Each structure stands twice: as C-alpha cells, then as structure tokens.
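Chemist: Sequence:
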Amino acid sequence: KMGTEYVKDKVFVRNFFKDFCNVLGINKNLSPEDFDFSEIIDHIERERAWKESLTKEERRRLREERKAAREANKEKYGYAIVDGVRMEISNYMAEPSCIFMGRGKHPKRGRWKKGPAEEDIELNLSPDAPRPHGNWKKILWEPDVMWIARWRDKLSGKMKYVWLSENSKLKQKREIEKFNKANELRRNIERIKNHIMENLDAADPIRRRTATVCYLIDKLKIRVGDEKDPEEADTVGASTLRPEHIKFEDDGKVVFNFLGKDSVPHIFEVELPEVVIRNLKEFSANAKSTIFDGVNSKRVSEFLNEVATGLSAKVFRTYYASKAVEEKLESTPVKREDPDYVKKYVATLANLEAAKVCNHRRNIPKTWRTSLERRKERLKKRMKRAKESERKIREKMREKRERYVERLKRYEEKLESMKAKLVEIQQQLAEREKEGKSTKTLKKRITSLRRRIKKQRQIIRKLKDRHKEQLRRLQERLAKLKQRERTFIKKARLQIKIKMETRDYNLNTSLKSYIDPRIYYRWGKKVDFDWKLYYSKSLQKKFSWVENPPEETVINV
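If you count the sequence shown from 1, position 415 lands on 415 in the numbering used here, and the numbers rise without skipping.
Calculated from the structure, these hints are not laboratory results.
If you're wondering where the values come from, they're calculated on a predicted model, not measured in any experiment.
Where is the CB? At the ideal position from N, CA and C, for every residue including glycine.
Misleading hints may appear alongside valid ones.
[Stated by the list, open to error] Straight-line distance between alpha carbons at most 27 Å, and here's what the computed DSSO-like set of lysine-lysine pairs gives:
no., residue 1, residue 2
1, Lys-178, Lys-344
2, Lys-1, Lys-261
3, Lys-419, Lys-464
4, Lys-480, Lys-376
5, Lys-158, Lys-314
6, Lys-490, Lys-526
7, Lys-419, Lys-455
8, Lys-328, Lys-541
9, Lys-490, Lys-525
10, Lys-400, Lys-462
11, Lys-526, Lys-541
12, Lys-74, Lys-541
[Stated by the list, open to error] If you anchor each label on the Cβ, the simulated ranges turn out as follows:
no., residue 1, residue 2, range
13, Lys-421, Arg-461, 49 to 59 Å
14, Ser-389, Ala-420, 44 to 54 Å
15, Arg-369, Glu-399, 24 to 34 Å
16, Lys-173, Val-23, 38 to 48 Å
17, Phe-268, Arg-369, 25 to 35 Å
18, Ser-389, Glu-39, 52 to 62 Å
19, Arg-369, Ser-289, 37 to 47 Å
20, Arg-369, Glu-244, 29 to 39 Å
21, Lys-392, Val-270, 57 to 67 Å
22, Asp-34, Val-270, 44 to 54 Å
23, Glu-249, Tyr-79, 51 to 61 Å
24, Glu-327, Asp-42, 51 to 61 Å
25, Gln-426, Leu-474, 21 to 31 Å
With the hints as constraints, model all of the structure from the sequences given.
Modeler: Below, the structure is given as structure tokens:
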C-alpha cells in the first residue's frame with residue numbers, strides 16, 4: 001500500500017501493526033518508525049522498475065501467459081455439473097491471506113485476514129460426484145442450496161461461499177423472480193401504502209414502529225438495516241436509526257443524517273405526515289439505543305406479507321430504481337434515427353436516476369479531474385485539428401479553382417486565336433476562288449485548323465469535367481470531414497457532460513442489482529438501440545435471459 005491513502009489512515013496503520021507485532025511475537029507498543037522496512041521497500045521498487053522496463057512485446061507475452069494460466073485453471077476448476085448441465089462457477093478460488101481493506105470506515109480495516117486452509121472448507125457434492133483429494137473439513141450434500149463450497153472467515157466470523165456464476169440458469173431464474181417480485185410490488189403499491197398509513201396509529205406499539213419503518217423505507221428508499229456485529233462499521237438503516245440521526249426542524253421538516261451501507265452518507269430533508277413525525281418524536285424520546293426497538297427485517301416482511309405474499313424491504317429499492325429508469329427513458333425524447341451515442345447517453349441518464357434513488361454515492365475518484373481534463377484537451381485538439389483539416393481542403397479547392405481559371409483562360413484564348421485564324425483563311429480562300437487561283441493549300445490548312453479547333457474544344461470540355469469532378473470530390477471530402485468531426489464532437493461533449501453528472505455516483509451497482517434489464521430491452525426495441533451496447537459483457541451474460549426468458553418465469557411487465 002506504499003504511496004496510497006491507507007498509510008495515512010491511523011486506524012488502518014494501528015490495526016496492521018497490532019497484527020504484525022502479534023505474528024512476530026512482539027508485545028511492546030511500537031510505532032511504524034521502530035521498524036526498518038528498507039529491504040522490503042527496495043524489493044517493491046525493484047519490482048516496479050522491472051515492470052516499467054519491460055518492452056511492449058514482453059508485457060504482451062506475460063499477459064498472454066497469465067491469461068493462459070487463468071483459462072487453464074478455469075477449465076479445470078471453474079465449472080460444476082448441476083442436474084446434468086455444465087454450469088460456470090463465479091469464484092472458484094478460495095480467498096488468499098491478505099490485509100483486510102473493508103468498506104468505508106470499517107473498524108477492522110488494516111487487520112490481517114488469514115485465508116482458509118483445506119481443513120476449513122466444506123464441500124457440497126452429490127453422492128455420485130468425484131471426491132477431490134484433500135483434508136477437507138466436511139463433504140456434505142445439500143441439494144436445495146446454491147453454494148458449492150464454504151468456510152468461516154477467520155477475521156469476521158462470517159460464512160464465505162463459492163457460488164454458481166450469475167449467468168447460470170439457476171442464478172438467472174432467481175434474478176427473474178426478484179424483478180418479477182418488484183413488478184408485483186408495483187401492482188400493489190397503493191394497497192401497501194394504505195396498509196402502512198392505516199397502521200401508523202395502531203394501538204400496538206410494535207405494529208406502529210413497524211409501520212413507521214416501512215413508511216421510511218418507502219419514502220426515503222433506504223435499506224431496512226438490521227443490527228450488525230458491534231465490531232462492524234457504524235452503518236444503519238431504517239430499523240436501526242438512533243435519535244441522533246434525526247433532527248426536527250421548526251418548519252415541520254425532518255432531517256435524517258446517518259451513514260448507510262459502505263459508510264455512504266445519507267442526508268435527507270423531507271416533509272412528513274403529522275402522524276409519522278409524532279411517532280418519530282415519541283419513539284426517539286423513549287429510545288434506549290435504536291428508535292424502532294423490536295423491529296427487524298423479518299418483522300417488516302411479515303407486515304408487508306399481510307398485503308402481498310413474498311414481499312420484503314429489499315423489493316422497494318428494486319421497484320423504485322426500475323421505476324426511475326423507466327420514467328426517465330419515457331420522458332426523454334429519442335428518435336429511432338438518432339445515433340447510438342445519443343441513445344447511450346439517455347440510457348446513462350436513466351441509470352443515474354436509479355443511482356440517485358438508491359443513494360449509490362461514491363467518493364470522487366482521485367483520477368476523475370485528470371481524466372476529465374484529458375477528455376477536454378483531447379476534444380480541444382480534435383476540434384483544432386478538424387479546423388486545420390477543413391482549412392487545408394478549402395485551400396486546396398481555392399488553388400485548384402485558380403489553376404483551373406488560369407488554364408481555362410489560356411485554352412479559350414488559344415481557341416479564339418484558332419477561330420480567328422480560321423476566319424482569316426476562309427476569307428483568303430474566298431478571294432482566291434474569285435480570282436480563279438489555286439485553293440488546294442488553303443483548303444488543307446482550313447481542314448487542319450478545324451481539327452485543331454475541335455481538339456481544343458475537347459481539351460476545354462475535359463478540363464471543365466475534370467475540374468468539376470475534382471471539386472465534387474473535395475466538397476464530398478469536406479462534407480464527410482464535417483460530418484465525422486461533428487459526430488465526434490457531439491459524442492465527446494456528451495461523454496464529458498455525463499462524466500461530470502455522474503462524478504459522485506456509482507452507476508454499476510444499480511445497473512447490476514436493482515434495474516430490471518427488461519426495461520432497457522423494451523426501450524431499445526422501441527428506439528432501435530441494442531441493449532448490449534449499454535451493458536458490459538459480464539452483465540450481458542448475466543441478463544442474457546431478457547431475450548429468451550424461461551417459460552415458467554415469463555411475466556407481463
């Protein structure tokens with residue numbers, strides 16, 4: 001982590017050196033300055049220098065070798081046979097020992113996380129499956145689960161799993177069911193809202209708390225937030241809010257200020273019904289720790305299931321994210337004949353709306369400003385180069401026109417001279433005929449002159465045709481240049497614009513987990529845009545079912 005912000009993080013450094021000293025058997029309180037890391041630093045710097053010294057061919061060769069090794073490992077370990085079908089495994093490698101980075105302000109960041117050994121891992125294999133060699137903790141058979149292997153993380157104490165890939169049929173079926181459940185919520189949303197409102201002043205305090213939590217989940221689009229291990233980062237959701245997270249303003253508005261998942265700040269200033277404010281004040285006044293004591297995700301699901309079976313708090317975010325995308329796509333005018341980059345821009349704007357709904361904020365990347373300026377500079381240079389190219393073509397057109405005019409003038413003067421000479425000889429011929437003298441020589445000269453005049457006219461016609469064709473080609477070249485550069489500039493400006501608009505939002509999370517891909521697929525059919533142009537290759541595999549969904553999961557949406 002040399003040269004990164006982690007070395008400046010006091011919690012990260014303290015945790016690292018605590019475990020580092022334990023491994024070395026050092027019981028004293030030592031600081032980083034008490035250790036000599038010069039040999040390790042030299043080794044890392046030599047490694048970096050060696051990598052930087054590699055030629056393009058050497059780097060390409062190393063990349064190909066690594067790729068070949070990955071593909072060989074994947075072919076050997078990366079697939080499972082499920083119901084006779086060969087399915088891809090997503091994470092077929094057990095996590096190696098490493099420094100725990102954590103998300104957000106996780107209190108354990110910097111700790112040493114020891115990876116599992118064979119004796120820590122349980123395998124889920126059917127009786128007829130081959131048994132791999134190894135001192136495994138257990139080999140069992142649970143056909144009703146989707147994990148293939150699991151172990152308990154030695155740092156967090158949580159179970160870690162090896163799952164089937166997201167593009168496996170079983171995973172895809174679960175994904176379709178999730179989005180279908182969100183569509184069911186859409187059909188029942190008014191009934192659910194009425195159910196929540198009716199129970200905000202219920203006699204049973206637990207029921208009132210549950211209804212209030214559901215109201216906040218629906219209104220703020222936040223997670224339910226079950227209690228977590230005390231050692232985890234202090235992040236909360238609707239059911240785990242504490243009095244310090246809520247402030248009641250004099251104008252009747254309520255301000256929520258707390259850290260959500262991944263330590264993302266959630267700050268809302270909203271107007272709420274009087275009954276909700278009354279409940280919040282009452283529950284806050286009586287709270288020992290959390291405002292909604294006794295309310296958890298299970299209780300929330302049971303409350304929602306009174307209206308529609310199978311609903312949970314998670315479905316709300318999926319529903320509202322998909323709804324935001326659909327509304328943005330419908331309200332943004334796009335024509336079938338518009339270029340793909342315009343349609344992709346609109347698709348990104350819709351994705352941004354979903355990210356805002358889910359509050360998928362991120363810290364602006366350190367490279368963001370540099371990357372933006374690089375794009376702007378590239379656009380500026382391209383515009384300058386386009387202007388210069390246009391100037392050169394116009395200059396060439398001007399030069400060709402000047403040469404043409406000059407040559408045409410010369411050719412036409414020569415033609416006029418020939419025509420005048422012809423008139424003169426014809427007069428001489430007439431006089432000789434009157435005088436009865438020989439005209440043979442003059443007639444030959446007239447015939448020759450007429451041939452030359454005809455040839456000169458052909459030369460002039462060819463000159464005009466050639467100039468016209470040259471001019472046409474240059475004008476066509478200029479038009480193509482203008483069109484190409486206009487397209488590039490419009491596309492680049494939209495890319496810069498969307499980069500600025502999305503700088504502090506993570507769009508990938510909502511696209512991967514919260515937005516029903518059928519929305520983009522249907523919109524793409526409507527505006528003649530291939531949905532795959534917006535989704536990455538991995539997500540195309542994950543959502544390949546949008547084109548041919550399994551019959552048992554097809555639902556009108």
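Chemist: Now tell me if each hint is right for this structure.
Modeler: Comparing the hints with the structure gives:
1. Simply put, Lys-178 and Lys-344 have alpha-carbon atoms about 26 Å apart, close enough for the 27 Å limit, and the pair holds.
2. About 24 Å separates the Cα atoms of Lys-1 and Lys-261, which keeps this hinted pair within 27 Å; it holds.
3. Between Lys-419 and Lys-464 the CA atoms are separated by roughly 20 Å; this keeps the pair inside 27 Å, and the hint holds.
4. At most 27 Å may separate the alpha-carbon atoms for a hinted pair to count; Lys-480 and Lys-376 meet this at roughly 23 Å.
5. For the proposed pair Lys-158 and Lys-314, the alpha carbon gap of about 21 Å is at most 27 Å, so the pair holds.
6. Under the criterion of a C-alpha separation no larger than 27 Å, the hint pairing Lys-490 with Lys-526 is consistent with the structure, at around 23 Å.
7. Restraint check: the Cα-Cα separation between Lys-419 and Lys-455 comes to about 12 Å, which is no more than 27 Å; the hinted pair holds.
8. The straight-line distance between the Cα atoms of Lys-328 and Lys-541 is roughly 25 Å, inside the 27 Å bound, and the hint therefore holds.
9. For the hint pairing Lys-490 with Lys-525, the CA-to-CA distance comes to about 24 Å; that is within 27 Å, so the pair holds.
10. Note on Lys-400 and Lys-462: the hinted pairing holds, with a Cα-Cα distance of about 15 Å set against a maximum of 27 Å.
11. Proposed proximity of Lys-526 and Lys-541 is supported: the alpha carbons are some 22 Å apart, at most 27 Å.
12. Annotation: proposed proximity of Lys-74 to Lys-541 holds, straight-line Cα distance about 17 Å (limit 27 Å).
13. For Lys-421 and Arg-461, the hinted distance range of 49 to 59 Å is not satisfied, since their beta carbons lie about 21 Å from each other.
14. Range check, Ser-389 to Ala-420: about 46 Å between beta-carbon atoms, so the 44 to 54 Å window is met.
15. At about 45 Å, the CB distance of Arg-369 to Glu-399 disagrees with the hint of 24 to 34 Å.
16. Roughly 45 Å separates the CB atoms of Lys-173 and Val-23, a value that falls within the hinted 38 to 48 Å.
17. Between Phe-268 and Arg-369 the Cβ separation comes to about 28 Å, which falls inside the hinted range of 25 to 35 Å.
18. Range check, Ser-389 to Glu-39: about 56 Å between beta-carbon atoms, so the 52 to 62 Å window is met.
19. Between Arg-369 and Ser-289 the Cβ separation comes to about 41 Å, which falls inside the hinted range of 37 to 47 Å.
20. For the hinted restraint 29 to 39 Å between Arg-369 and Glu-244, the CB-CB distance of approximately 34 Å keeps it satisfied.
21. As the Cβ distance of Lys-392 to Val-270 is approximately 59 Å, the hint placing it in 57 to 67 Å holds.
22. Between Asp-34 and Val-270 the C-beta distance comes to about 52 Å, which sits within the given range of 44 to 54 Å.
23. Distance hint for Glu-249 and Tyr-79: a CB-CB separation of about 58 Å, consistent with the stated range 51 to 61 Å.
24. The supplied range of 51 to 61 Å is met by Glu-327 and Asp-42, whose beta-carbon atoms lie about 58 Å from each other.
25. Checked against the hint of 21 to 31 Å, the C-beta distance between Gln-426 and Leu-474 comes to roughly 43 Å, which is inconsistent with it.
Against the hints set out earlier in the document, violations occur for numbers 13, 15, 25.
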